[in-house]
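Trainee: Make the full structure from the sequences, and use the hints.
First to last, the protein sequences are chains D and R. Position 393 (the first sequence) corresponds to 393 in my numbering; numbering is contiguous. With positions in the second sequence counted from 1, the corresponding number in my numbering is that position plus 1000.
Rather than coming from a laboratory, the hints here were simulated on the basis of the structure. Here a beta-carbon is modelled for each residue, glycine too, at the ideal position from N, C-alpha and C. Don't take each hint at face value.
[Unchecked claim] Examples of chain D residues lying across from chain R (beta carbon under 8 angstroms, computed): (1) ASN53; (2) PRO125; (3) VAL215; (4) LEU386; (5) SER387.
[Stated by the list, open to error] Straight-line distance between alpha carbons at most 30 angstroms, and here's what the computed DSSO-like set of lysine-lysine pairs gives: (6) LYS1148(R) with LYS28(D); (7) LYS1103(R) with LYS1148(R); (8) LYS345(D) with LYS1028(R).
Number of protein chains: 2
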Amino acid sequence: MAVIEFLASGTVTSAQGFLAGATVCGIKASGGVDLAILHSEKPCTVAGVFTTNAIKAAPVVVSQRRVRSGRAQSIIVNSGCANACTGEDGVADAEEMAELAAKKLGLSAYDVLVASTGVIGVRLPLERIRSGVKGIVLKGNGGHELAKAIMTTDTFPKEVALRVETDFGAFIVGGVAKGAGMIHPQLATMLCFLTTDADVEAGVLQDCLRQAVDVSFNMVTIDGDTSPNDMVVLLANRTSGVKIGEDSAGLLTRALEETCVYLAKCIAKDGEGATKLIEVVVEGALDVVEARAAARTVAASPLVKAAVHGNDPNWGRIVAALGRSGIRMEERRLDVYLCGTCVMKQGQPQSFDRRRLNMSLTEKEVSIKLHLNLGLAKAVAWGCDLSEEYVTINSAYTS
Amino acid sequence: MAVIEFLASGTVTSAQGFLAGATVCGIKASGGVDLAILHSEKPCTVAGVFTTNAIKAAPVVVSQRRVRSGRAQSIIVNSGCANACTGEDGVADAEEMAELAAKKLGLSAYDVLVASTGVIGVRLPLERIRSGVKGIVLKGNGGHELAKAIMTTDTFPKEVALRVETDFGAFIVGGVAKGAGMIHPQLATMLCFLTTDADVEAGVLQDCLRQAVDVSFNMVTIDGDTSPNDMVVLLANRTSGVKIGEDSAGLLTRALEETCVYLAKCIAKDGEGATKLIEVVVEGALDVVEARAAARTVAASPLVKAAVHGNDPNWGRIVAALGRSGIRMEERRLDVYLCGTCVMKQGQPQSFDRRRLNMSLTEKEVSIKLHLNLGLAKAVAWGCDLSEEYVTINSAYTS
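Mentor: Rendered as structure tokens:
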């Protein structure tokens, strides 16, 4: 029997033996904290999933290479500049950034991962990072500071930790993420760092992470644009002494799923300009790949998102988006629920109390449920409404 | 030698032997013209391409069946109600709509096609259509009236005609379209009716139409949402006496391409809330399928569209969108031009006069050119900017 519970004020440093710190080094125009380090006192096994965009940012190229070794101990991360589309110079910059952290921490640069988020096509201001790194003070409760340092257009920091109590001991899983824009992950997401003090071999760690990411970050969409900087990295430093083997991997996967779903929903809620979280459940699909495609397509539809923004029960757009998702379906079997109200039953439009549904749509969380009535597969995706503010934010990002 | 020239004030009834008329029948809340008939004095051969959305509106189901016979003589069309997601009752409604027109015109209902556009999930107000049909007066210059009757959130009617002068006589191709929202056609587009007085066998007609649609309507995107009502239909009534066989089909295809590209660009320009036309050219791709996918993905990116709206030369978003398009590419070979200014050369960011590029972006037409430098394939896609107004229009469409 295992018990999983969320910790009050949990952060990425809630797991034992992890430290973090952040500083203002002047990359972000806002003048906020923009450079941070996450560090484990002991060497860790590491797992990671990275963007599938053909354009990979320099820090993705560098970190992906290092994660392949299965070990790491620290992550240095900046916001305000993505170090993407910067050619070979950009890769050299990312490597130097890792070296700066390694020197400070007395590590090999190969044990330091690098992450960046911000504007694409601009070189990193290395001079600022060089002096910034010196100012970072690592603390056992530094997770919250790091969460703030990786924000760009995010309006709140996204962090969580949970404690897993098992028959053979307790361990903690912590996580931090950033989101907001260019969010439509394909096998990874913008930036997410996860920690655990469990003792897990790198291969098992990678399997557990992959499964958790598939039902969480890979099911979030803000705007359909996949970033070249997406990365989810999980460090396990074995400080708790709890050993996770293949037999107990299911437990770690469950804990990671809870962590990642929590952070993924935070990202959706805090989409650029968003005022609401949209949850799309697709049931009765012929297979899970199709259920996932359908849920993601509906959650990504700009017309569905705009209707939800205006509290408009224009459910025809939900069905139209489902129809273009490319999955197998039959219109005459389809049931559609909007905020719990059945608006289509076996392909027939249902009459409903428009005013009441209007009211339900004003809630902060809007649920859309589609039952295909064909098979047993199910998937859930999360998105947000599309507001005028999304456009305002994105029409002058670099100007 | 053939000469193709645009006619001044050309409409869908510019081709000989075509008539049209429209009326206010009270489906559109605005009280504008909303029911129209396009009619040929002689029976026509017909070609059509229809939505690939798994959800097909009733008029698509009915018209698709009739186009298969290769002959038709009239089209009845309404705006304000899509007659989509209306089950079997909706199909019966669409069939009755065709019958009403057939009775008025003294035809078999099998020679009448049906089209609808507007809100999804609402039954057609047949009573209004019954009395409305009686009030339609068909005229040889009625094309412009029909163009207005099929508008929904469109801000201007979209119509064109051109004259093809050949060694063996002259013929005319006319066309009318509507666009504005839910525009991301897959093998068809919202609504487009084309006419010609050339004499063309149905099989040849279908081939010519398919080719023209592929480089025009299939390369337009407003919001990534594919409508269940998309339909492009071409009627050929042979009144000019000019016979188009397999040998001269290339000429008709060229004329149709010019017509369809013109209308497709009108649709992009008049996207909901749009202030600018965006043209995306992809060159140097390994094959044309990839060139097309790349051009469409960039034209559809909400982040690219929002940046263009704000005159922000944030070209990194163009490259990020290209990268997620799934095509084969190498970052180090990529050249990117924005409004004619080179912003990336062989994968390296280029310095440019930001203020001058800012100014260029304020033009009504913004050009994006991506050279992959891998192969010889090329494609062009058209889209529009994403404005706050798009959201405003779509957040209260049915409320």
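Trainee: For each hint, tell me whether it holds in the structure or not.
Mentor: Results of checking the hints against the structure:
{"no.": "1", "hint": "ASN53", "in the structure": "holds (4 angstroms)"}
{"no.": "2", "hint": "PRO125", "in the structure": "violated (14 angstroms)"}
{"no.": "3", "hint": "VAL215", "in the structure": "violated (21 angstroms)"}
{"no.": "4", "hint": "LEU386", "in the structure": "holds (6 angstroms)"}
{"no.": "5", "hint": "SER387", "in the structure": "holds (6 angstroms)"}
{"no.": "6", "hint": "LYS1148(R) with LYS28(D)", "in the structure": "violated (50 angstroms)"}
{"no.": "7", "hint": "LYS1103(R) with LYS1148(R)", "in the structure": "holds (24 angstroms)"}
{"no.": "8", "hint": "LYS345(D) with LYS1028(R)", "in the structure": "holds (27 angstroms)"}
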